[in-house]
Amino acid sequence: MMKRNGIAFWIGAAVFLGAAFVMTKVVANQYPFFAGYVILQFIALAVAWSILGGYAGYVNFGTSAFYGVGVYTSVFLVQAFGAPLLVQIATAAAIGALMGFALGLLTLRMQGIFFSIATIALTIIIETAVTNWRFVGGAAGIQIQRPPVTPPFDNYVQMLFFIQALLVVLAVAISRYIQNSWIGRGLQALRDDELAAECSGVPTLRLKLLACVISGALLCAIGAPAAMYLQYADPASAFNLNYSVSTLAMSLIGGTAHWSGPIIGAILLSTTQQLLTVTISSEVNVLVLGVMLVLFVVGAPEGIMGLISRLRRSRKEGEA
Amino acid sequence: MTPAETPAPLLRIVSLTKRFGGFVALDNVSVEIPPGERFGLIGPNGSGKTTLINCISGAFRTEPGTVMFRDEDITPLQPHLRTRRGIARSFQIPRPFSSMTVAENLMVALDFAAHEHISVAQRSDTMTSILTQMGLASKANVPATQLSQVELRKMELARAMATHPKLLISDEAMAGLSSSEVDEVLDLLMSLANQHITIIMIEHIMQAVMRFSDRVMCLDAGRIIAIGPPSEVMANQRVQEAYLGT
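Going down the list, the sequences are from chains V and L.
For the record, in the first sequence the residue sitting at position 20 is 20 according to our numbering, with numbers rising by one throughout.
For the record, in the second sequence the residue sitting at position 213 is 213 according to our numbering, with numbers rising by one throughout.
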């Protein structure tokens, strides 16, 4: 049963990547890749966020800190060494892991809302530091030249689109593995009750650190290609609190109990946001995000996945 | 008795002191508990009973003082490492993993604490036998949030048993239960003791303590004021004063 699910999952992932690749060969219009990149980026962010925020229950408002550090890791590497894209992403992941480790140490002393506030502070501190760092452009931001595109792609944005699709698959595969393994069970236990988990043999600190490191590495890596995508970076947009709020809203609206929840939430919200940005304005989509979050917190606190499993349960009870 | 005939104590606490700021919750407590003993721990509210078991299970750091378990100094160990060495506990106010079913609650303990003793293949059998013993077999797939108070208490004991303990600390597992439920839980603890598990029972219900314990210790204001056979401790002048407040 587990095995069959696993095969189905990997077939699904391969089909998804295949479709993304074929799209870069067939679709000539550039807009779907620009919009698709943003949607894929939010799917990956929401999935990575929910490893710590969902499974472990440590609500991280610092997504924008990790994302921004990812962006500026790329900026720095390009400025200093002209490093290629894959090196940028890998380095961002390593730095994100270190940041996650530091964040994990915070969980030693802070829980609940105090942890969340500390993560906001983290964003502000790092943003302030980058704003005052001349080499990467400081407050004014910096223009970045894209290198020539690598075959088999013939357009840089299409390549970034495919790479973001790869990051989505990576994030989802890791999240799914965690949920189905002992790590997921331990995180769920410590989310419910840390002391009871510890007294049942769960190494809570080690698991929290692991969740922070994995989530942090992914969040940073996902941010890294954004510098090349925009060909420009400035602290106010790279560390924009919108990334934190959107990611959190997508995860919560989708539901964090299952790995597929954040995917559903991110597709739903970021597609809506893209449509609204094009049809009305980019300001309205922030409003819609807020309204949807409020509706879901009131109507379906466990998100879409929670709603589905509740409906399924009540139907089963109805049959019995 | 010569020393050779005395079994080495399972748990040895040596001059344990615990302060919260200026308040001394435990003051130089020393006690030895031999394997297989049913040990009753009593004392008025705020006398340090729960603090003592928090120090044994590792939720609190002790300063100064030593906790020895099976001849090993476990004082510096984190709680989960103590659990893996065989110290399990229940909580005064039940702390279930509320997003899980009863079976999943036990699975956490089986996965993380008993993994050295029980193979993956044996886990579901072990779980079934614990749940059956605790009278929870029919509740295995029920969410923990839907349990009654007495079922929650039993689940706490079941989860503690799933860690494969040598020492089980029951912190007021009978508080707030009806008298027939008290008997039920007491019988459970008795049956666990018959499986060679040493049990420390904290309880306010004196009848239960008298019936259960081989030995009783009474704490008051962080000090041991009496220790010995239950009848002796109950007859002790200072114990009666501590309880009646005269």
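To be clear, the hints were calculated from the coordinates, so they are not data collected in a lab.
These numbers come from a predicted model, not from an experiment.
From the three backbone atoms N, C-alpha and C, an ideal C-beta is built for every residue, glycine too.
Just so you know, not all the hints are guaranteed correct.
As the list claims (entries may be wrong) - Not everything, but these chain V residues come out facing chain L in the computed CB check (under 8 Å):
{"#": "1", "residue": "Phe9"}
{"#": "2", "residue": "Gly12"}
{"#": "3", "residue": "Ala97"}
{"#": "4", "residue": "Tyr177"}
{"#": "5", "residue": "Gln179"}
{"#": "6", "residue": "Asp192"}
{"#": "7", "residue": "Ala197"}
{"#": "8", "residue": "Val202"}
{"#": "9", "residue": "Thr204"}
{"#": "10", "residue": "Ser282"}
{"#": "11", "residue": "Glu283"}
How the hints compare with the structure:
{"no.": "1", "hint": "Phe9", "result": "violated (22 Å)"}
{"no.": "2", "hint": "Gly12", "result": "violated (27 Å)"}
{"no.": "3", "hint": "Ala97", "result": "violated (23 Å)"}
{"no.": "4", "hint": "Tyr177", "result": "violated (16 Å)"}
{"no.": "5", "hint": "Gln179", "result": "violated (13 Å)"}
{"no.": "6", "hint": "Asp192", "result": "holds (4 Å)"}
{"no.": "7", "hint": "Ala197", "result": "holds (7 Å)"}
{"no.": "8", "hint": "Val202", "result": "holds (5 Å)"}
{"no.": "9", "hint": "Thr204", "result": "holds (7 Å)"}
{"no.": "10", "hint": "Ser282", "result": "violated (37 Å)"}
{"no.": "11", "hint": "Glu283", "result": "violated (37 Å)"}
The structure is inconsistent with the numbered hints 1, 2, 3, 4, 5, 10, 11, although it conforms to all the rest.
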